[in-house]
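Q: With the sequences and hints as input, model every part of the structure.
Under the numbering used here, residues -10 to 701 are what the sequence shown spells out, in order.
Possibly wrong hints are sitting among the right ones.
In silico EDC-like pairs for lysine to aspartate or glutamate, Cα to Cα no more than 16 Å straight-line [stated by the list, open to error]:
hint, residue 1, residue 2
1, K310, D277
2, K624, D675
3, K19, E109
4, K357, E343
5, K556, D520
6, K315, D277
7, K699, E659
8, K310, E271
9, K377, D340
10, K664, E698
11, K21, D293
Hint data in this document are derived by calculation from the structure and do not stem from the laboratory.
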Amino acid sequence: MKKRKHSLSFFVVFILVFFCMVYSVAAKSKGKGWNVLLITIDTLRTDRLSCYSREHLETPHIDSLAHRGVLFDYAFAHTSTTLPSHTNILLGRTPLYHGVHENSNFIVQEDHLTLAEFLESIGYSTGAFVGAYPLDSRFGLDQGFSTYDDEYGSQSARGNKYYVERKAEEVVDRALVWVKRQSSPWFMWVHVYDPHVPYEPPQPFKDRFKEDLYNGEVAYVDSELGKIFDYLESEKMYKNTLIVLTGDHGEGLGQHGEPTHGFFAYNTTIRIPLIFYFPGIEPGNVPDYVGHIDIFPSICEVLDLKKPDLLTGVSLLPAIKGKKLKHGPIYFESLYPFYSRGWAPLRGYIDNEEKYIESPIPEVYNLKEDFDEQNNLAQEKELNRYRKELDEIMAKYSGAKEKEALRTPGSETLRKLRSLGYVSGVSHEEKQEYGPEDDIKTLLPLYNKSIIAKQIYVQGKDQQAIRMLQEVITERKDIDVAYSNLATLYKEKGNLRGALLVLEEGMKNLPESHEIFSAYVNFLTEAGQSDKVISLFNEVGLREMDYDPELWNFLGIAYTRKGEYMKALEALDKAVSIDSDFASTYNNMGNAYLSIYLNTKNEQELQKAIENYQKAVEFNPEDAAAYNGLGAVYKQLGDLDKAVKAWEQSLSIDPEYGLPLYNLGYIHMERGNNKEALRHFVRYLDLYQNNIPAEKRRQIEQWIKQMEEKKH
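A: Here is the structure:
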């Protein structure tokens, strides 16, 4: 758990004074003093809750909340990715004001007022329990929470893979521990991530829903949330608790050609469930169209608090009480494809059961008759009217702070978000004009084809996968994932030269693609082309170079291999300055210092090598390369027992890692333990027969022959 810390700088003092002015009206009255529970379920389609539709599965616990409270039939997100949607909810403003448009390039600025800060200012204890990395505290939504629990675990074994999400069970259990220690009033936000890809529900839901694992995730979440509802019941807290349950966005599940979310803004991905409960509420349904930004002002009015002036949503309390709601147009956007790949921006609005989507191929839908958005009416409409209204909506919701949220993500952020399916590219400037060729509807099928190709490759259909990716590249030269996936396939088939040729073509056609550049440098490093790596850094000026420690890590490796150790350490120091807990960088610094020692015999360099290898292990206890480095250092120090132990630890993490296999074979041979030496050398040759120099292979074969002869 984390406690939010505030430094008493002049800037923060100024902000606190500003907030005191904003809070002044609220602070005069603490309202009804009810507890507030906000539950957000990631990637939740409305039609998967049985209180909305009984077509797919039963969700009895969420249904029970709906039966106690009021269910909104048509609630909408303003964005279709996690961070911006939750920012909309907790700030009560759209991205046009707060500037958080997608997951990877933005941070919530500290001078925005959050719901947590508002409630904390009138005496609420505040706690948040989030299920995945897109809501990590580094992105700024922890403002106002005295406890912000965003612990997902640490680095795991090979490849610096991160645990970037956790199961609903852990989120709910930690939330219950916290809330049981609080006295009223408290504000608790519980976010569960499970319905997001990959769909991996635990048992028994995995077997019960083996034909539709997404439904299994939703059923699992419903079961876990039941623990919270049971606690409230047992403690008689329904009599003094306001509960809001919603989703952050939906999921395409293949409809409109969108497998997941984040690209389009059809109702499959922006319609969300919304349920309100509070003491004295009369159960029922509300048919009005409403949005996420209405939640904050609604909570204020339910609690009998004056809402902050900055909120742009409307209170839903009149609708909850059965009155007709006066609601203006609902703005929405989908800018993840624009920020990650430079595709055309997508924006629009819903008003009077009509939906307009602004894109190079515009769309208009009559939601009353065509809620599934199958019949595009754009050709029958005067589109200038819709464009003018969209411009007016954007002008109304815009704010001077919008562009201040834009940040370039660091490589740890990129790695974690990529593992969840989000890719960050360069931040593109909007073109003056976009054509149909830039439309998401044109480009997404090619993107999907590139993803499917990699999936069928895993199924053993190598040639079909390669052919599909080649077809994408032939049709369009600007689909980055086609290049990176094709290169990866070639590399896995042992064709590293072919992989490099693909990435060279990708660099030529997409010179600003961070994804392609990073893969190219990585593969060049693996191919031992150090001169090419160094020249690329001098030729290419990607802005990500200043924010991605992996790139500087590769440069450090290149200089180390060339024996230019000072330049290597400069590059690796730059990597550390960007990301001080990136284990691989410390491992490579250890390699550089060990190399310096081997050339100078200066034992101070050996000590520096130990310190850096140990740091690598500290930040990633399963860094096999760092343990191999430690073994090499211990051997130089003459402590062979420690060397063997370190190499064995390295192999226990990665049983197919060549360096410790060879090192253990050699040291056991030196110590006369031929049985162990033979075992490691034979294993080494089995794995790397075709990837080691012929002279080295012949030497190992000669050692094996000599040891086998001694056995007889």
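Q: Compare the structure with each hint and give your call.
A: Checked hints:
1. Restraint check for K310 and D277: satisfied, since their Cα atoms lie roughly 13 Å apart, inside the 16 Å limit.
2. Restraint check for K624 and D675: not satisfied, since their Cα atoms lie roughly 25 Å apart, outside the 16 Å limit.
3. Proximity of K19 to E109 is assessed by CA-CA distance (about 11 Å); at most 16 Å being required, the pair is judged to hold.
4. This hinted pair checks out: K357 and E343 have alpha carbons roughly 8 Å apart, not beyond 16 Å.
5. A distance of roughly 13 Å separates the Cα atoms of K556 and D520; the hinted pair therefore holds under the 16 Å criterion.
6. In summary, the hint linking K315 to D277 is supported, as the alpha carbons are separated by about 9 Å, within the 16 Å threshold.
7. The suggested pairing of K699 with E659 holds, with an alpha-carbon distance near 14 Å, which does not exceed 16 Å.
8. Straight-line distance between C-alpha atoms of K310 and E271 comes to about 7 Å, which keeps the hinted pair within the 16 Å bound.
9. Restraint check for K377 and D340: the C-alpha separation of about 14 Å stays at or below 16 Å, so the hint holds.
10. Taking the CA atoms of K664 and E698, the gap is near 12 Å; set against the 16 Å cutoff, the hint holds.
11. For the hint pairing K21 with D293, the CA-to-CA distance comes to about 6 Å; that is within 16 Å, so the pair holds.
The structure fails to meet hint 2 from the earlier list, while all remaining hints are met.
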